[in-house]
Structure formats: structure tokens, C-alpha cells
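S.K.: Take the sequence shown: its letters are residues 1 to 239, numbered as in our numbering.
Bear in mind the hints are in silico, worked out from the structure with no lab data behind them. Mixed in with the good hints, there may be bad ones.
[What the hints assert, rightly or not] Below, computed lysine-lysine pairings styled on BS3-like, alpha-carbon distance capped at 30 Å:
1) 94 <-> 80
2) 80 <-> 204
3) 204 <-> 220
4) 204 <-> 29
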Amino acid sequence: MWIGLKLFKILVEWTVYGTFVKTNGKKMKEFSTYIFDLDGTLLDSLEDLMLSCNYALHENNMPERTLDEVRMFVGNGVKKLMERAIPQGLNNPKFDETYNTFRQHYLHHNLDHTGPYPGILELLDRLHSNHKNIAVVSNKFYTATQELCHHFFSDTVQVAIGERENIKKKPAPDTVKEALKQLGVTADNAVYIGDSDVDIMTAKNSGMPCISVLWGFRDKDFLVRHGGSVFVNSPEEIF
Numbered sequence: 001m002w003i004g005l006k007l008f009k010i011l012v013e014w015t016v017y018g019t020f021v022k023t024n025g026k027k028m029k030e031f032s033t034y035i036f037d038l039d040g041t042l043l044d045s046l047e048d049l050m051l052s053c054n055y056a057l058h059e060n061n062m063p064e065r066t067l068d069e070v071r072m073f074v075g076n077g078v079k080k081l082m083e084r085a086i087p088q089g090l091n092n093p094k095f096d097e098t099y100n101t102f103r104q105h106y107l108h109h110n111l112d113h114t115g116p117y118p119g120i121l122e123l124l125d126r127l128h129s130n131h132k133n134i135a136v137v138s139n140k141f142y143t144a145t146q147e148l149c150h151h152f153f154s155d156t157v158q159v160a161i162g163e164r165e166n167i168k169k170k171p172a173p174d175t176v177k178e179a180l181k182q183l184g185v186t187a188d189n190a191v192y193i194g195d196s197d198v199d200i201m202t203a204k205n206s207g208m209p210c211i212s213v214l215w216g217f218r219d220k221d222f223l224v225r226h227g228g229s230v231f232v233n234s235p236e237e238i239f
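Model the full structure from these sequences, guided by the hints.
M.R.: What follows is the structure, encoded as C-alpha cells:
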């Protein structure tokens with residue numbers, strides 16, 4: 001069993017790293033298609049998510065949440081975020097009202113404190129200049145995903161897919177497949193890049209390797225426990 005797991009890890013690293021080596025370690029394999037998660041990967045959006053969450057909770061006489069609590073609530077879409085933040089979750093009789101308050105507040109305030117992590121704009125510029133296919137696939141609701149990508153990445157990101165009805169969200173592969181379809185490419189020579197366990201599972205379910213970033217909402221120990229095997233500390237390590 002140990003040999004099998006070791007071999008699997010080697011194969012995963014070979015798939016992502018290829019054979020290129022830098023003097024200070026491994027150099028990432030070059031892919032033709034790069035699919036990114038949004039929150040915690042491209043954008044530091046945690047403060048705005050927390051503020052909208054707490055606005056909705058306060059308006060409905062519920063206890064507010066800390067930044068670290070909200071950090072652990074995100075990753076499965078904003079409805080799941082609020083399900084985790086609201087006492088009794090979906091069983092709370094005021095769930096729908098509180099969730100809708102959050103949505104409306106967030107749509108008007110999602111740019112208050114949100115911005116790209118250091119090095120992200122430069123990474124996307126390099127990928128674009130080298131004629132790479134670039135997409136964003138997020139569990140954030142569709143309207144906010146579109147608005148944020150248009151505001152920050154309109155010159156580089158070709159396709160942005162968010163959560164919407166009639167399509168399964170991550171970790172199901174459906175939104176990734178939709179992004180590939182809109183790009184006009186297949187999963188061959190594509191990589192998924194994210195900061196969470198949801199992203200690791202999304203990549204696996206989509207049949208592509210995953211690069212886990214360490215500047216996002218989950219730390220390395222958490223990602224390792226959930227199957228992460230390839231990590232980067234800065235955007236410049238990706239390309």
C-alpha cells in the first residue's frame with residue numbers, strides 16, 4: 001500500500017512539474033490551459049465576505065462571526081457559507097431572509113476591500129502574453145463572479161463561471177467542463193489552481209492535476225490532509 005501511494009505521488013508531481021528543474025528547486029510544467037479558483041486564489045475577498053455575513057446576521061439579531069470563522073466557512077458557495085454562519089443553519093426559520101440580506105449587501109459591497117493577491121496580475125499578464133487559455137471557475141454566485149472578473153481581470157481572463165441554477169457546483173466537474181467548452185479546449189494539458197480541499201477534489205473529478213496555493217484560505221497541513229501534493233508559495237512559481 002505504501003509503495004502504491006508513493007508511486008501515485010510521484011506520478012502526480014511528474015504530471016505537474018515535468019522534467020524542468022531550477023537551481024532553487026522544481027519548475028512547473030508549462031500547460032496550455034490554466035483554470036483558477038477565485039476567492040483565496042486570485043482575490044483576497046475574505047474581509048468583504050465577513051462584513052456582508054455579519055451585516056446579515058446583525059440585521060436578523062444573530063451573533064456575528066470572526067474573520068477566522070468565516071475563513072473556514074467559505075469554499076462551497078455563499079449559501080453554504082451562510083448555512084454554516086447562521087445558528088441552526090437551514091433549520092433556522094429566518095435562514096432565507098438572512099441569506100437574501102447577505103446576497104444583496106455583498107453585491108453592493110464586494111469591491112470595498114477585495115483585490116488581487118500580490119503577483120496575481122503579473123501572473124495573468126504573463127500567461128496571456130504567452131497565449132495561454134485562462135478561465136475562472138468559482139462557487140461564488142454567478143453575478144458576483146462575473147463582476148469581479150470583469151473589474152480586475154477583463155484583459156486576461158477569457159471565461160468566468162460562477163454558481164448558478166441547473167449546473168452542479170464544485171467539486172463536481174460540471175463548471176470546469178463548461179469553462180473548457182467555452183474556451184474551446186479539452187482537459188488535456190490543462191491544470192486547476194486553487195486554495196482549498198474543494199479545489200483539490202474539483203481537479204481530481206475533472207481529470208486534471210491541481211496546484212494548491214499557500215496564500216489563500218487554507219494552510220498547507222490542511223491541504224495535505226485533503227490530498228494536496230503540489231504547492232506554490234507565490235504566483236511567480238506557477239509560470
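S.K.: Assess, step by step, whether the Cα of residue 94 is no farther than 30 Å from the Cα of residue 80, and give holds or violated.
M.R.: This hinted pair holds, its Cα atoms lying about 15 Å apart.
S.K.: Is it true that the CA of residue 204 sits at most 30 Å from the CA of residue 29?
M.R.: Measuring from Cα to Cα gives roughly 18 Å; hence the hint holds.
S.K.: Under the criterion that the straight-line Cα-Cα distance not exceed 30 Å, is the pair residue 80, residue 204 satisfied?
M.R.: The given pair, whose Cα atoms are some 22 Å apart, holds under the 30 Å limit.
S.K.: Does the alpha-carbon distance linking residue 204 and residue 220 stay inside the 30 Å limit?
M.R.: The given pair, whose Cα atoms are some 18 Å apart, holds under the 30 Å limit.
Consistency note: the structure conflicts with none of the earlier hints.
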